[in-house]
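Protein chains: 2
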Amino acid sequence: MAEDRSGQIAVMFISERTGDDAEGYAAAADAMDRLAAQQPGYRGVDNVSADGLGITLSYWADDASAVAWRTHPEHSATREAGRGRWYKWYRLHVADIARSYSWTRE
Amino acid sequence: MAEDRSGQIAVMFISERTGDDAEGYAAAADAMDRLAAQQPGYRGVDNVSADGLGITLSYWADDASAVAWRTHPEHSATREAGRGRWYKWYRLHVADIARSYSWTRE
Numbered sequence: 001m002a003e004d005r006s007g008q009i010a011v012m013f014i015s016e017r018t019g020d021d022a023e024g025y026a027a028a029a030d031a032m033d034r035l036a037a038q039q040p041g042y043r044g045v046d047n048v049s050a051d052g053l054g055i056t057l058s059y060w061a062d063d064a065s066a067v068a069w070r071t072h073p074e075h076s077a078t079r080e081a082g083r084g085r086w087y088k089w090y091r092l093h094v095a096d097i098a099r100s101y102s103w104t105r106e
Numbered sequence: 001m002a003e004d005r006s007g008q009i010a011v012m013f014i015s016e017r018t019g020d021d022a023e024g025y026a027a028a029a030d031a032m033d034r035l036a037a038q039q040p041g042y043r044g045v046d047n048v049s050a051d052g053l054g055i056t057l058s059y060w061a062d063d064a065s066a067v068a069w070r071t072h073p074e075h076s077a078t079r080e081a082g083r084g085r086w087y088k089w090y091r092l093h094v095a096d097i098a099r100s101y102s103w104t105r106e
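Keeping their order, the protein sequence lines are chains A and B.
When we follow this note's numbering, the leftmost residue of the first sequence carries the number 1, and every step to the right adds one.
When we follow this note's numbering, the leftmost residue of the second sequence carries the number 1, and every step to the right adds one.
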């Protein structure tokens, strides 16, 4: 089955942005995407955003790699620096993927 | 903590739409949202879509209620009827939420 993520960790990040400093945000988001992809245990990302609302799903081999990314010095520094400027609020859920399905049009 | 979903089940639905039958899709999506919210164990939804790409997160009290929604006759019928018309592909991951964080601007 395509993209079976059973056994992976999903980090669900749901956010609403302020709209302030859109350029700074875009640059930081880009840098963080690239940095995340280099981390041990990184397994991919799905991301959609519209009208300031965003959902980002990042996938990790195990809980340790998800936690390591959360506490990565550059990631932490960017989060602290940007949080109050970029976001109205965010919510984050960490979950163990039990099963996956997928379907593609023939 | 606001919206602590620890212990809930998250169903992550990631999809790309064909763009065909947009009205039929919107009506069905609306009806399914309302029907889902009436199901036992329903705990909420987060949804963002842009340019045909969508991520919907639905939250459930336990695995049984997530499975019951998946196999709900009206939901199944709508899925079967609309799948080939509305979607290019979709992926679905079912996961146990281990922990939640949230942050709101002061």
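Calculated from the structure, these hints are not laboratory results.
Don't take every hint at face value.
If we take Cβ atoms under 10 Å as the criterion, some of the chain B residues that face chain A in the derived model are [claimed, not checked]: (1) Arg-34; (2) Asp-51; (3) Glu-106.
The beta carbon of each residue, even a glycine, is placed where N, CA and C say it ideally should be.
Should the interface hint for Arg-34 of chain B be scored as holding, given a Cβ-Cβ cut-off of 10 Å against chain A?
violated, 21 Å
Close enough to count: is the Cβ of Glu-106 of chain B nearer than 10 Å to one in chain A?
holds, 8 Å
Verify the interface restraint on Asp-51 of chain B: the C-beta must sit less than 10 Å from at least one C-beta of chain A.
holds, 8 Å
Violation of the numbered hints given earlier is confined to hint 1; every other hint is satisfied by the structure.
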